[in-house]
Structure formats: C-alpha cells, structure tokens
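Chemist: With the hints as your guide, set chain B onto chain A.
Number of protein chains: 2
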Amino acid sequence: MSNQTLETLLQHRTIRKYSDKEIPKEIVDSIIEAGFRASTTGNMQVYSVVITQDAENKKKLWELHFKQNMVLEAPMVMTFCADFHRFNIWCKQRNAEPGYDNFLSFMTASIDAILVSQNVAVAAESYGLGIVYLGTTTYNADEIIELLKLPEHVIPITTLVIGYPAESPPLTDRLPDSGLVHYETYEDYTPQCIDEIYAEKEASQLTHDLIEENQLENLAQIFAYKRYTKKDNEYFSEKLLKTLVKQGFMKSL
Amino acid sequence: MSNQTLETLLQHRTIRKYSDKEIPKEIVDSIIEAGFRASTTGNMQVYSVVITQDAENKKKLWELHFKQNMVLEAPMVMTFCADFHRFNIWCKQRNAEPGYDNFLSFMTASIDAILVSQNVAVAAESYGLGIVYLGTTTYNADEIIELLKLPEHVIPITTLVIGYPAESPPLTDRLPDSGLVHYETYEDYTPQCIDEIYAEKEASQLTHDLIEENQLENLAQIFAYKRYTKKDNEYFSEKLLKTLVKQGFMKSL
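Chains A and B supply the protein sequences, listed in that same order.
So that you can map any letter, position 23 of the first sequence is 49 in my numbering, and since no number is skipped, the others follow by simple counting.
So that you can map any letter, position 247 of the second sequence is 273 in my numbering, and since no number is skipped, the others follow by simple counting.
Hints are computed from structural coordinates only; laboratory data are not their basis.
Incorrect hints may have been included.
Where chains are identical, the list cannot tell them apart; a pair therefore holds if satisfied intra-copy or between any two copies.
Calculated pairs, DSSO-like style, for lysine-lysine (alpha carbon to alpha carbon, straight line, at most 27 Å) [as the list claims (entries may be wrong)]:
1) 257 <-> 86
2) 118 <-> 252
3) 51 <-> 86
4) 277 <-> 227
5) 118 <-> 272
6) 252 <-> 51
So that you can see chain A by itself, here it is in the shape it has in the complex (with noise of 0.2 Å):
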C-alpha cells in the first residue's frame, strides 16, 4: 500500500555533500508555492522566508550555523521566520490595535513557519533535490536576526539547505514507532521498554564507531556530555529568551 507522495516521504534523507548545481528559478517558485498551501492558524500565514543565495552572505550565515559546509556548498538556503510584523502593520494600517506581542503568538508563529519549511522540504525532495535541517537556527537567533535584517517581531526558526545532492546516503535508523506512539493515554516507559526501544540504534555500527571516537561509556553519554550538553542548553535557552524579549514576544525575563 503506498504511492508517490507516500514514497518521497519514506525516502528522506538528510543531505550533507551538495553540488554546486544551481535549483531553477521556476522550481524555486514552485517548492514556495507548494509551502505555502500548509496549514496555517486561522490562515494569518504569518511566517515569512529568506533566502540566501549570495555567496557572501551564505559565507556569514555558515558562520552563524557552526560553520556547516553545507551552507557554502548548496545553492540555497532558506531561513523560515515567525512573523507578526507584517500582520501589525496591516492591522495598524486598518485601524485595529494589534495584540501580538506575547509567547503564545510567538508560538503560533512558530508553528506556521515549521509547517511551511516541512512543506518545502517535501516539495523539494519531490524534485530530486536534497535538504538539511539546521537546528542552529535558535542557537543563534539573534546574530541571524542581524545578519538578515529582520525587524522586530520577527524571528527565525528553522533553517533549510536546499540544493542537488552530491551523495546518496543510506536511510538513517528511526526508533520503532511502537515506542513514540500512545494509545488514548500516555503509556510511561518502564527500564525494559527504555532498553527495547533503544537497543536497535545502541548496537548499530554507527553507535560503536562513535563511542570509539568520543571514548565514551554509551550513546547516552555522547548526547548528554558531547553532542547537546546542559551548559551548552542552558546558554542558548537564556539567548533565545533574550531574543523574544528583543523581538517583543515577551516583555521581561
């Protein structure tokens, strides 16, 4: 049981070698089109999309995603935005008092800006061409706020790589869909449910190499102490808070 749209689904992988082949302008248009025909809250679509494309500016926002090659070897990059500012100037424009400077619209910014990337991610896979999510975005919010001169209530959330793949990875391993799935009320996990769900992705061959490389008890342990420590949360968590305050999402901390 399946079809096409099912199938460019099921075959996603992440792409991190690109070709410096340029994507066609009409198929740049397209991949935005079928974006933005997501859903979006009370169809305010309030969300909006930069794209990279300068080599310069592409060399500065590698910078800012932790100098990821990607950024400079793929033809584009597209920064998904929460954004309230156009809708407020509308609404100023129209005499109605706009009331969106707080976190739960931020939030619902959000949600529109993640819906549309997944939408184009999709759309572009369809085409052949490959994409990386950067989840840098909220790391460094701010400076990519500088960088592309987003004005106030606007901030950015995720991060496409788009662009011809230069490699033809395998499928990444996935966690048994039994362990993420509840049924009408939340299941907790008992040790031995923990151990099943995780035991495929502890005996890959991947987990070894790198448990070997980062001289380590466990994969745990490489995400909690190497990969996405707490110090490194913590930082970022108060960076991000100060960025919404900034942007005029929250009013203190």
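Modeler: Chain B in isolation, oriented as in the chain A frame:
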C-alpha cells in the same frame, strides 16, 4: 512542471466535516511511519504522538479544543507532543545526566513534533483523508496534559483531526508569495506594499460576509478584536508559560 507529491501539497484543504468511516489500521500505521521519517534534531526523535479514538476521550478533548465539532465527528485525533521524557529516562538509565530541562530543549522538541505532524498530514492526504490542525492545543496545553496523562518534559504542541472528508471545499486564499519571501535581507513593507499584499484577501466575498456578520470596519479588526484578541493572547501566553515551568522546561517565570 509538477508531480504527484507536489499535487498532494497544492491540493491541501482544511476539512471541517467528516464522515464516521473508520480509518483502516494499515493506513494509520502507514501515515505514522511516514511521519517519523521527518527530520529530527540529532536524530533524537524527542516527540510522542497520542492517538485518541475512544468516543468518551474524544468528547473530553472536544471540550478542551473549544468544542470544535470536527473532534467529535472524525474517527481519529492525533496530539503531537514535544517529549524529552523518554530521552531523559534513557540517559539516566545509561549513566548520563540529561540537561534538557530548559527552553532551548522545549523549542527543539517542539520543532521535531511539528515536522512529524506535517508529514503525517501530507501522508494522510495522499490516502484521500482530510485533516484539520487545532491551534487550540497551545491554549489548553495544561488541561490536555492532564487528560492524556502526559508526564514531566512532555507538552502537547499541535493536534491533527483526521478522517474521511464529508465536504469538498474550494482552495482557500493565500497571500501572494512575493509578499512573504525576501531575498538576502528582509525588505520592510511600505504602506502601499501592505495594501497590495492584502488586496485580494480583503476584496473576497468571504471577507465581505465576515465584516457584515461581525459589524466591524474591516478584516484586520475581526482578527484583532474578535478572533485573536490581545486579552486572550495575553491570558493564554501566561497559561502556556506556566505549563512550561510545570513540565520542567523553564525554571520560573
């Protein structure tokens, strides 16, 4: 220039009337599998999905989602949650101290959950199912947490109602793509530009009917004074932030 995947995306309509036809188990499993192929930060998969099919539970959810009838009518409701709970247990069980009790981790997990939800939406539509997102999820996250028995470090972010459509609505309007895309840097909007972006939306029959019905000057006032008011947004912002504290993603307000 098109393909079937792109057609699925372009033909998206929000469905608000559903038949009571059940969704075959194989299709539910298939759209979940497609959902979980979505990109995820560091392949951590820090999300969970809670499926509600039981009539009693749907009724309780319906109350929490402002009595939107789709929740009662459609056979399935899927609540997508940011979830660091499972990951935290795994870390602790592996002698790794997790550092995910902060705002950045909440955002990371929320983004993961929303990417999955959009893949599920697209997969469902590829099978001829209809979907509607419930933005009310972030409004009543605390009550939903109680109903679905979500533990600490789990917060519902968005909800999809899924079922077979009992209506065939036209495509809804979208703002012109050019008004939402910026090249290289954000180009601020002139008053004329705002007028142009909203012109088609404001001129529509739907808008005309809404203004008549609401007895207000224009569409912007309907958004700001009826649908998404400052008072509601501030009330639900405070409520949601308290939920972040309660669920262990923020130290205090």
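Chemist: Please go over all the hints and tell whether each is borne out by the structure.
Modeler: Results of checking the hints against the structure:
1. 257 <-> 86: Intra 25 Å, inter 40 Å, cutoff 27 Å: intra-copy only.
2. 118 <-> 252: The answer is between: 16 Å across copies meets 27 Å, while 47 Å in one copy does not.
3. 51 <-> 86: within (23 Å within a copy, 48 Å between copies)
4. 277 <-> 227: neither (43 Å within a copy, 32 Å between copies)
5. 118 <-> 272: Classified as within: same-chain Cα gap 21 Å, cross-chain 36 Å, threshold 27 Å.
6. 252 <-> 51: For residue 252 and residue 51, neither the intra-copy (40 Å) nor the inter-copy (40 Å) Cα distance is at most 27 Å.
The structure shown violates the earlier hints numbered 4 and 6.
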